[in-house]
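These protein sequence lines map, in sequence, to chains A and B.
Convert by adding 40 to the 1-based position in the first sequence; the result is the number in the working numbering.
Convert by adding 129 to the 1-based position in the second sequence; the result is the number in the working numbering.
Residues from chain A that face chain B, not an exhaustive set, calculated with beta carbons under 8 Å:
1. R108
2. F379
3. E409
4. I411
5. Y435
6. L438
7. A439
8. F442
9. F453
10. D461
11. T519
12. F522
Simulated from the structure, these hints should not be mistaken for lab results.
All values reported here derive from a predicted model rather than from experimental measurement.
Glycine residues also receive a C-beta, built at the ideal position from the N, C-alpha and C atoms.
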Amino acid sequence: MSQILPVLHIFSKVLMLFAFAFLLPLGVSIALEDGAQLAYDEAILITFFSGVVLWALSRRGKRELHTRDGFLLVVLIWAVLPVFSAIPLLVYMPDLSFNEAYFEAVSGLTATGATVLSGLDSLPPSINIWRTQMHWIGGMGVIVLVVAVLPMLGVGGRQLFKAETPTPMKDSKLTPRMAETAKGLWQVYAFITVICMGALWAGGMSWIDAVVHGFSVMGLGGLSSHDASMAYFDSLLLEMIVMGFALIAGISFSTHFMAVRMRNLAVYRHDTEIPLFLGVLAVSAVGLAFYLHYKGFYLDFPEALRYTAFNTVSVATTLGFSTTDYNVWPYFAPLWMLFLSSFAASSGSTGGGIKMLRAMLLYKQLYREFIKLIHPNAEIHTKIGHQAVPNKIIYAVLAFLFVYVASIIVLSFILSASGLDVFTAFTAVVAMVNNTGPGLGQVGPATTYAVLNEFQTWVCSFAMLLGRLEFFTLLVVFTPVFWRK
Amino acid sequence: MQRLAPSLNVLGLVILIFSFTMLVPLTTAFFAHDAAQFAFDESFLVTLITGLALWLGARRWQRELKVRDGFLLVLLVWTSLPAFAALPFLIYAPEMSFTDAYFEAISGLTTTGATVMSGLDSLPPSLNLWRHLLNWLGGMGIIVLAVAILPLLGIGGRQLLKAELPGPIKDSKLTPRIADTAKLLWAVYAAITLVCVFALKLAGMSWFDAVCHAFATLSLGGFSTHDASVGYYDSPLIEAVLIFFMMAAALNFVTHLLAFRQKSLAPYRHDPEVFGVLGLVIASCLGLSFYVWQAGVYPEFLTALRHVSFNLVSIATDCGFASTDFNQWPILVPMWMLFLSSVTASSGSTGGGLKMIRAVLAFRQGVRELERQLHPAACLPVKIGKHAVPNQFVFAVQAFVMMYVATIVAMTLVLLASGLDFISAFSAVVACINNAGPGLNEVGPASNYAGLNDFQTWVLAFTMLLGRLELFTVFVLFTRAFWRG
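Chain B on its own, in the form it takes in the complex (with noise of 0.2 Å):
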């Protein structure tokens, strides 16, 4: 108790603000008159009484939060925000479960925008936004959002930072002060997400739709208000106008920080990741174009291209919307599509998966061996851009990438026991860890998550959770250590 209580104390704060964000469904269900008002009021109160009673209770444990409070802080919010998140869905549709209405929460906030809902044209739009507003939220953070606003989080602000934000390189070349950083950096996630309303009114949807979208592309969370995804609208230029967006996002939001200070692209070319990001994807929509266009699904190499190009990079920045149905292609395509969505997303970006940067480095410590063998004393420093990365650095990825590849195998295994096929349990645990969304087979584009049990949601959501955190955020929690002394 004495080492959870101060937790539970910012965690009740926490959970007060998030109520407050419950206010944007609520005032859009009152004006436009639709079904799920009630379930709105409800979930409100109920969030802010739990969020100020759990404060105010806990508040004689008030204290500087310290290293493993920052651990266990962040796992708190991230596993209990979805419960609350989860209680408009209760609320409205009595039916659904309780798996399941948390499976879609924590969908949401993961920004991994897998869904076991299904009928969404018909579903108040309300309820939609919340939906699209969970990915948003949770696509830059809730405890950077929460550090921005409460500078009473004080020095344990940093702690919480590094435990959340994405990607091995805690950045310190912004301001030192932590509080700062997080507003700034949710400054230019909204002025990015602004631009795209507009440009995908502009492209053609309707208000509702827009704010959606931008809601879900801007997190590379990739929920949608229609079945068919972007398939509904059918049209080249949103197509376009998401791939821009989608990719703007998937590169590192304090680069795109830096740039907007320094109006420059400058930022952009010294950053050690566009060139991978960019380079990867490019070269994979021409490769599989051809390669789809040969095998004969498309008479035409522009429809291939253009398929491709808005699939692929839609799994690859770990989004999630779909365009057509890949499932029917070729099994290449869509497996190399998830082997994409591993290592595609920037650090700081709101992708997910290894980032690119892990990748890079993991990579050049294999060739780093291979040159060792010959060289054995030789002294071979792991370069990115033109500085030399510290080793301790080097090896940390290199056990993030282990682990990474072992929760994989874990989870398909127990998956597989459960009684699902290879390619879905597999292609849904990639999925899921990378935040990505649609799997292939049971739970393909065409498909969602319904189909899945009970145990095998509950499997999935923690996976989400994993590929969110980092795995070692979550990991760290169940080490003797963490509890100890």
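So that you can see chain A by itself, here it is in the shape it has in the complex (with noise of 0.2 Å):
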């Protein structure tokens, strides 16, 4: 018990700070009258009491932090505030079941966008910015725990980011460089939130609904406040403008951060996962387009490559917004899409999946071995742009990349166990894991997860958290290693 005290003491802060999060969907269903006011005052009174509880219980552990502790608190934090974050829909829907509303707020932390609630539309307005909020809170959430956070406690060679961090404090307490850190990042992150709403409300949405999208495409979540998604506009200005974002969003934070500090494109150039992000989408986009052309599907070249642009773009940096039901495409295309949605995304962005850095190792990693066996006596480095990449960096990188797929195929055993079919399974954990949103089958983007039992809910929801804690921060918890003393 003395172990975790210091951990729910920083936690109980977190809560408290948290509960201020429900202050804007409240304040706009004040202005908006919008009938879901009760369900923010419960929010917010429960979730700064709990905290305000826990505080002064655990006001005895006070000390700081050690790497042992960070980990159970990111897992504390990503696991119990979907509870409180659950508690608005809880009591604006009754009937909603706790499993359910637990799945809606995770998947809105995590980022991932899938959802189990239809009739979207007719919802009041504060929960719909409440649901994407969650997904901008959780993108703050992200930017530090990969920017900051996971590099110290060396998840997956993350610590290969470390040298990337903007600010180069020399300091290795975990708490005074975070903050540092993180106070940067934020205001870059929602400095390109605000240009985004903006930009989307000039673009003809209402000012609710530019909001919602805006916070939707910057944590790279994917609910959106219509069961259409993107397609209720149809527009192709607004389909760009999300794009824009999107692209923008599935690029460090660091980088963008560099950027505006220097006042200074040039930082672009340096980034080596920027390229390979960029020039992967453009050919899989027009790829793809030419596959659904020659197959017929869309008779008119530029609508195809509308439609494929704008899917492969949302899938692969895994927002997760949709502009028609790819799932009735041939199954390569959406399948590919899938398939990018694991690697696309730079490893500074809200994004999800093994990130394009990781898959840049694997690649010069089996590429190293390829000359091995030619030379067995050879000494080869590793290097990303001209940084030497050191050996323990790329066997965490692999080790990481075994747990990722073995993941992935523990997950769809249990989820085909409990019923599911094969390719519903399969993609929903892909769709899961990478923190996509929508998966194919009987989860594609036509659907929800609502068709899933209460079983497989909560594996999806456990998959999410997994793939959003970079698997070993979740997994260690689990270690007996890690409980003794």
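Using the supplied hints, reconstruct the complex from the two chains, each of which is provided in its own coordinate frame.
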């Protein structure tokens, strides 16, 4: 118990702070009188008082955090905040079961964008804002997580990114450096979000839709205020805007931060992930457009390109909006999009999956093994850009990838053992682990995750957390070693 | 040409030897007076003359084989022999396309056991014998055979063995003289095959069927002389005998050899893989039988156990016999069987896939990285039995596993793009890369690979080759470094 008290103490503060997040939907609800006000009142009270009680109870255990506490804190935040986030949904929709509300909240906070709700168009605007505000908050969490916290915990080869964090503080204590890094990144994140909302509003959305979708795009989440997702607007201009900002959110926020600070676009040229990220997406969008056009699915090439470009960018960056039911396309196309979603996003972005940098390292390591076959005694160094990558990190990355693949296989087996068909189970797991959102088959873009039973919903919630916390952070808490003194 | 010629010289010799194996079905055809005799006459002559011409023609360039020549030669042997092996099919059945004949031959030599032929029961015996002989020759390896017979391959032989023998540990426990090793391995292999022939005969097969099925069992190939495969006999005794010998073939032949020599069972206890292979197979058999029985497919548990055991062992060991259409079972069961096919067989066995030892090592490395999260500076060796495995070795295994996964993903996407459905494409790729045989759906146990178009057939033929030569031996030839300098 004495081991987790300090963690609970910090967590209680996070909880109290989190209570303030409900103020935005509360304000909207009051201003528009949309009938959901009570939900936020209760959510604020419960969340805040839980925080206060926890704070009071855990005051004795205050001390400096160690690495081990870091893991526990991160897991606690991501697994327990959804419970409180689900309160407004539960209060407003009493017939929603707890596991579904938790699923929706995890999907929100992990920026996945899978939903169990339908009839979104008739929900109170404040509820829709809250759903995507969770994306945005989750996105903030992810940025700090991947840029400041995980490198320090050394998760999955993340040490590599230490060098790239914008504030090169040599202090190895967890909190001060996190705070410094976080502040700078959040400013940039908020700044771009405001521009995005402005652009969406200027592009023809109502201001509520602009806020909802702005949150969703920047967090690369994918929840929408319409059942038809982006197809509701049927506007090429809006699709271009969303694509543009999805691409921006798919690039490392460290790079954005440097660009803003130095007022210089040259930093983008030094980011080794960007050319591959953009290149893969451009080639895939054009290639898939040709494929669908060739298969006779769209008679018109520009029309095919419009659909493939938007949906490819949306799925590959792990956003998860759709403008058409791509579940009915020849299966190669949506599966290719899902495949992209597992590695396209950059390492410091709000996107999910294994990240482009790890994919690059995998490729380089495989190439190195080939050279070793031909020249068994050669010493070969792996480089990213001009920086040599130490072996230890490469091996951590390979282990990370192994755990990633193994998780997908195990979770797919669990879902199909519970009665889901293999195709749905597999695509759902991939979409969950990559925090993309819609899968294929029964959980495709035109349907929702409401078809899942209670057990399957819990498995999917777990898969989303697993992916968002980069596997090791979550799994390490389940090892016996972790709890041994 | 400078690079190619020395390999071509040896290739000629290998083809020459290979032509003599055709004398076996030729003699059979002669005595049985069956309709395929002329096919073998012609094939024998063509192969003999080609081999002779190549050997003599490239004689000028004869020299000691180097590392790169080894890779080149192994690939040349494995791609050109199927073409010659396909000749009898082509000559006997002129309506068969070259694609299909080549597929059948490479499926035989790689011990996959996927077939495009039907009406097997009415084929001339000599042709069926030829198919099974291909299985048997491919099982222990053509190069191993050549090395055993040809001392002139000299030091290059070790390199060749490395490129062809399955499994990560190219053994050094045995006699240092490579030709002796090869000879001993073949002797053990032949001895066990002989025992299997008698056992099958005693269990009720005709002599001819016993020989054919023993060939297919020990090589874990999976061809049968009947369209209904082993389901034709409907005999629990035969199935039990086959299960026993399939399990034996899925263990390391070096271990068998040591056991023979020491006349004790101790080597099996010291083999780090035996426990994993037996444990995994037995646990899966019991678990899945229970599942199938609960699902109501079979009214009695024992019937379920009989069918699940046989088909599971057959697929898991990468043999590929079927006694019933397991495609009809709840999809989880065949999927799990396919999953087993990628991890069950031991290194140094005639089975395919990742091999048990690689799976165990990759898993241990995953766990090690997890523990390293908590103790970043700790020295945590990966152990097999009581021995610490060198890091370099662990990392090569990791790279192999990722290459394997990447290949499956890539090949599945290629087949999807060519129009196959997801389950068929995925299961066909897994079944072929593991050299197991039947997949699911369109390529399930009740149908065969004849339904595929030419392009898909070639893709799968290539996949079998990749699996048999364990990826790197093939892929290394596609790197620029291989051809440079």
